[in-house]
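Start from the sequences, fold in the hints, and give me the full structure.
Which chain is which? The protein sequence lines are X and R, in order.
Here this note's numbering = 1-based position in the first sequence + 584.
Here this note's numbering = 1-based position in the second sequence + 2.
None of these hints come from the bench; they were simulated from the model.
A portion of the hints provided could be inaccurate.
What the hints assert, rightly or not - Below, simulated DSS-like cross-link-like pairs (lysine-lysine); rule was C-alpha separation at most 27 angstroms, straight line:
#1 X:K809 with R:K39
#2 X:K791 with R:K39
#3 X:K613 with R:K15
Small disclaimer: the values here were computed from a predicted structure and weren't measured.
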Amino acid sequence: MSLIKVYSAFEDVNVCISLKDLSTVDIDKIRMACGNAVAQKIEKLKILVSSMNVYEHQNALLVNDEYETCDGFDTVAQKFGFNVKPVVLHLDGKNYVLTDPIIDALVAMDESYKIEGLNFKEPTDEIKKVISENAVHEQYSDDFLQNLRILTSGKEITVQGRQEVKTKKDNDRVINVTRGDIMSEDKTVILNKTQAFFDKVQKNVNKNNTYMQEGTTALIENRAKQLGYSVQQTKIENKQRLTLKRVMV
Amino acid sequence: MKEQKIIIDIDDKGGIVGDVIGMQGTSCMHELDNILKDLARAVEYNPKSEYFSQGQKESATVHNYNRM
Chain X
585 MSLIKVYSAF
595 EDVNVCISLK
605 DLSTVDIDKI
615 RMACGNAVAQ
625 KIEKLKILVS
635 SMNVYEHQNA
645 LLVNDEYETC
655 DGFDTVAQKF
665 GFNVKPVVLH
675 LDGKNYVLTD
685 PIIDALVAMD
695 ESYKIEGLNF
705 KEPTDEIKKV
715 ISENAVHEQY
725 SDDFLQNLRI
735 LTSGKEITVQ
745 GRQEVKTKKD
755 NDRVINVTRG
765 DIMSEDKTVI
775 LNKTQAFFDK
785 VQKNVNKNNT
795 YMQEGTTALI
805 ENRAKQLGYS
815 VQQTKIENKQ
825 RLTLKRVMV
Chain R
3 MKEQKIIIDI
13 DDKGGIVGDV
23 IGMQGTSCMH
33 ELDNILKDLA
43 RAVEYNPKSE
53 YFSQGQKESA
63 TVHNYNRM
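The structure is reproduced here in structure tokens:
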């Protein structure tokens, strides 16, 4: 007499995760877009800080406007998309700590990333301390950064998952074994966090053209006012128009 | 008293076009240089015809392309 029974059990299995699991993420394109966006920002910042002292520490900047030559520096730098925090320290003039979310994203993907394109002065321990205490960086957990760096370097992460195994037996004779989908909460969490990171990076990069336009407009407006012009700003389609007027006696 | 007027358009990629009204000859270029200096890698001056006949009309257009 035949007696068929189905036994169900869960087995622990290893699950591999790679960036290929996120079909919307093209890491090379994202890196290139971030690099281009940062290069544009730094180029504009270089103009702004041409008569200032700049110190770098842990991918944040301390800008020292020793002779207070740039009134409204913080407003213009913010328009270019930088986080700007005025700080007080022993250096003369006005001082600001600058960070940038796209630079933070590049560092998150590759901890060896360094800001280039500016002439940095060597920071003292006190300046380093001020930068560390005031830099507004994007916050990521160590676990997330470790996983992100493995994935963006093209390697895989192995996590634990569970898989249902159904064994069909006729009396004690196994007649069929089927395996269900692998369930892994760890995989879901890592992929969701990674996707959220890249979505945010993409959003910041997409805003860069707006930052370039608004920052350039603010920079010109700032200069024109210093030269004695009255400035009126209007938006015409996709352009910002500045009308500068000055009466010559 | 004479009014100097400069109109500057900034496009959505940070490119700049400037138009100067009320200044003669090279003075309008110098004034634009004061304001737009170092803001673009490449600068192309396109003076209007009036630019060459100083003292008649006083205007010139400067295109300051940002080629980053």
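Next on the checklist: Please list, smallest to largest, the hint numbers that this structure does not respect.
Outcome noted: none
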